[in-house]
Amino acid sequence: MSSHARSAEKGSMRDDAGPATHRATPFFDRADWRLVVYICLFGLLLYQVALPFLMIIWTSLKTVRPGEPEFLSLVFSLNNFSRAFASEAFWTALWNTLVFASLSTLLAFVLGAFVAWAAERTNMPLARFVGMMMIARIIIPGVLITISWILLASPNIGILNHLVRDIFGVRNFFNIYSMGGMIWVHAIEMVPLTYLLLAASFRSMDPRLEEASTMVGAGNWRTLRRISLPLALPAVGAALLLLFVTSVETFEVPLLMGGRAGVRLLTTEIFQATSRTPVDFGLSATYSVAMLTLCIILLIGYFRLVKHGERYQTITGKDFRPRKIDLGAWRYPVSAFCLFIVFCITGIPLIVMLYASLLPFYQGPGVAAFKSMTFENYTSLFTGDEIWRPMLNSFLVGVGTATFVVIVVALIAYYVHKTDMRGRRLLDYLAFASIAIPSVVLGATFMWFYLLLPLPVIGTLLIIMLAYLTKYLPFALRFVSNSMMQIHRELDEAAQVAGVPWARNFIKVMLPLLKPGLLAAWFWVMVHAYRELTVALMLARSDNRTAAVLILDYWEQGSFLKLSAFGVIMFAVLLVIVLISHRISRNYGVQEQY
Amino acid sequence: MLRSIIAAGCLLIGAATLTVAQQTAELSPAEKIYAELAKLSPEEREKRLVDGARKEGRVVIVHTLRGELGRSHLAIFRKKYPFLNVEATTDIGSQDAGERLFAEATSGRNLTDVISVSLTDLSEVLRRNYIARNPTPATTAVLPQMQKYNDPQGRWALFFWSEHGMSYNSNMVPKDKAPKQWEDLCDPFFKGSVSFDPAEARFIAGLYAIMGEERLMKFMECIGKNNPIIQRGHTQRIELMLAGDHMVQGDNYLYHGLSIKRKQPSAPYEMVFSAPIVAGMGASAINRTTQYPYAAALYVDWTLTKESQEFIASRLRGPVTIKHPYLPDDITLVEAADPPKEVADRLMEAWLRLVERKR
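Residue numbers (my numbering), protein chains in the order written: chain L, 1 to 594; chain V, 1 to 359.
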């Protein structure tokens, strides 16, 4: 019997002794607690999301910046909107953003979904290794991946271009500084996210429908197309939505490659508006409002897609074990293809990083380069600098944020998908809306917000965690919502009928069933909170610097060679951690991958 | 001897002075202390500062010599005054430092005592009278040719400067083809092989000081036609150029390439000294409502001491009281100061239109 079913059964058995409600005092009545938590959630989201949004919308309607006396007056203007919409730059950036986001989403989804399906649902060899490398890859900062690809496919110095020239005599075959190059680099950056989003869903899929399909003669491909993918529709929709919005919001690739490619995106325009002196808060807020509108339209589309949530419920009170599809002879080519993808997204950048980390200054591969190799970039990481405090801060921020975010999104997902409480859909909208706030605007908003609100959080880790809570809610929510949608309501209803108090039902039944999604969300938030830079930088003071800020230091002083050394060490450390956790999990019989 | 051409630099100082003249606001508590301290001999002043700072025990500094450089600089200060708890932010740039003080001051929070910034990033906080007047005898140590950048009212104390100039990959550019003047970057030989960061107000202001508006417009037009590389990241561009990605840095800090070349003499790096070099002046300024006036002033004075200035020179940045560590004496320096706002807007728009978006 699965742990899911056991948990549910335990709850039922306990309530055989008699309905708990009859013994409870009115204050502790389960319906009241459900309402109290619901109201608290609303309060939290209003504070964490609605207030920053109000500030952004307010700023977009103001021609003076925050801090000016007129900023708080009730005089509004559409001047920022007319400035933005009247400029050709806005429409060019919007078009470029749509093209960039659509194509990178599509590419990341195809690659990530295939790997997730192959690793989780088929009997291909090395599935566990592929999954592990996907997860380990997430820790490498995006900026390093971008630089690695610049060194690989830059027109004059790219290693791949050198290879093509030497073999085929074609000069500068690849040009990473192009829309195509930007799409490729960003798409492979998002493949692990796609994998994480879909793997949990694939893992929780009831195999009986697939077995039925196979029994009536449908092949693997047809079963995948007609059964598996439709069953994973909420996860697929969420993945597409998140990938698209992440692409709209992304910053590293447009910043490092877009300028040279001559491709400006909305985030580039926002960055430019906030890089001037004085900062053009009004214009950057206006661009944020445009991005918010785009995201709300997408979210509405997503909700329409998954409005019949009960269709995707595959986890019931009955035990099941997801079936592995036998690919026969195809399992080797599929495995090889997955390994190739892993090599592209993890192996190649890692090799480039390792190579660059050993050089005193960057040179293309050659005798001179190999002769000049040194470990100085590694040794300089640990000499005379304050490395440990920021690392500890990042650890605390990562773990703290991830834990809190996961608790909050589990509750939100429960209310949205398993109750009929009035306004529950608004919870989902609120929690998701913050995805439209670019990091640079989010950081500035939180800084201003807590300057105006005299709470003693400036300069502490708490202010960073609060900002991250807003930033990562949408991502974590989609992870957990997918898993929640797969849980049949009958479990919750059975617990209620049996008189199991609401809190006990949530903790003992729902949370264990949500474990794959919760763990995926926790891991994703933890890693991203650990490596996030923009917000951390804007809120950093002397005592709350994080590892990402340290990375920027290296970037500023030692260029990407020292940063590469740092990336190699980070990757090695994480790989060891993942390996140890796997070993421990296996020893204790835990099957979850995260 | 450094030969300086000053054009727009005077505008900044003039405008700032005018603004102060208009603001007859009464002195803040910190400014009253500074006015008293200004009457003392340097020795007595230092003693009073140390005693006062010892009582205060704390100071919050935003240091825009970033990362390890700023921390190492402050480590010397901490070592000299171990009784002070120096809380420092060394991760943000000059503009953000100005923004931070601005944000804190407008919201009535006193969280930062001293910022070190480029003079061009001080204008907004000066205009709003957020900076304390702290006339200090320490500024007398500044080299004569740099004195003009100091504020007679003591609202900032110059203590370093950084340079933007041209450099090139000597493996890709033969000596006879090397650029001599800024306009040489328009040579078709360099087509598609000259790199710049995206629009930087400071750099454009420097070019304006060198060329004036009309010549600068023509320069931007011909640069745009020569298909420049626009890529963010000064250090990254240097690395890429040394790797053979392109020939010339149209705008970059010269010291970074030099520090690589000193470690690795085979690095193909050459600097151009025949064209004027844009100098960005860096200064420290005290929050007008600082909670730790003695410690703040002690730090500002300390930045001009021999040990502080020698440290700056040892890291190839420009000191202001001693000779520059590597720039020849006969170069032409031009201070990057704010042109009038309408001119600055026009130039920025032209850069975006002619250079960045043209491609």
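Source of the hints: derived by calculation from the structure; they are not laboratory data.
Keep in mind that the hints are not guaranteed to be accurate.
What the hints assert, rightly or not - Among the chain L residues that face chain V by a calculated CB cut under 10 angstroms, a handful are:
#  : residue
1  : Pro66
2  : Ile147
3  : Leu151
4  : Gly169
5  : Phe173
6  : Tyr177
7  : Arg260
8  : Phe361
9  : Gly364
10 : Phe370
11 : Thr460
12 : Leu462
13 : Arg545
14 : Val549
To be verified - Coverage of chain L stretches by chain V, computed from C-beta distances (three or more under 8 angstroms per stretch; other residues unrestricted):
#  : region
15 : 153 to 164
16 : 423 to 434
The C-beta atom is built at its ideal place from N, Cα and C for all residues, glycine as well.
Evaluated hints:
1. Taken as an interface hint, Pro66/L checks out: its beta carbon lies about 7 angstroms from the nearest beta carbon of chain V, inside 10 angstroms.
2. Interface restraint check: Ile147/L against chain V, minimum CB-CB distance 7 angstroms, threshold 10 angstroms, status holds.
3. The beta carbon of Leu151/L comes within 8 angstroms of a beta carbon in chain V, closer than 10 angstroms, and the hint placing it at the interface holds.
4. Below 10 angstroms, beta-carbon pairs count as interface contacts, and Gly169/L has none with chain V, the closest being about 19 angstroms; its hint is therefore violated.
5. Interface restraint check: Phe173/L against chain V, minimum CB-CB distance 16 angstroms, threshold 10 angstroms, status violated.
6. Taking 10 angstroms as the C-beta contact cut-off toward chain V, the hint placing Tyr177/L at the interface holds, the least distance being around 8 angstroms.
7. Below 10 angstroms, beta-carbon pairs count as interface contacts, and Arg260/L has one with chain V at about 4 angstroms; its hint therefore holds.
8. Given the 10 angstroms rule on beta carbons, the hint for Phe361/L holds: about 5 angstroms separates it from the nearest Cβ of chain V.
9. Evaluation of the Gly364/L hint against chain V yields a held restraint, the C-beta minimum of about 6 angstroms falling below 10 angstroms.
10. Restraint check, Phe370/L versus chain V: the minimum CB separation of about 13 angstroms is more than 10 angstroms; hint violated.
11. Interface restraint check: Thr460/L against chain V, minimum CB-CB distance 12 angstroms, threshold 10 angstroms, status violated.
12. With a cut of 10 angstroms, the hint placing Leu462/L at the interface with chain V is violated, because the nearest CB-to-CB distance is about 15 angstroms.
13. Because the smallest distance between the Cβ of Arg545/L and any Cβ of chain V comes to about 6 angstroms, under 10 angstroms, the interface hint for this residue holds.
14. For the restraint placing Val549/L at the interface with chain V, the shortest Cβ-Cβ distance is roughly 5 angstroms, inside the 10 angstroms limit, so the hint holds.
15. Figure legend: the region 153 to 164 of chain L, annotated as covered by chain V; annotation consistent (4 residues with Cβ-Cβ distances under 8 angstroms, at least 3 required).
16. Under a criterion of three residues with beta carbons nearer than 8 angstroms to beta carbons of chain V, the stated coverage of the region 423 to 434 of chain L fails, only 0 such residues being counted.
Hint compliance for this structure: hints 4, 5, 10, 11, 12, 16 are broken, all remaining hints hold.
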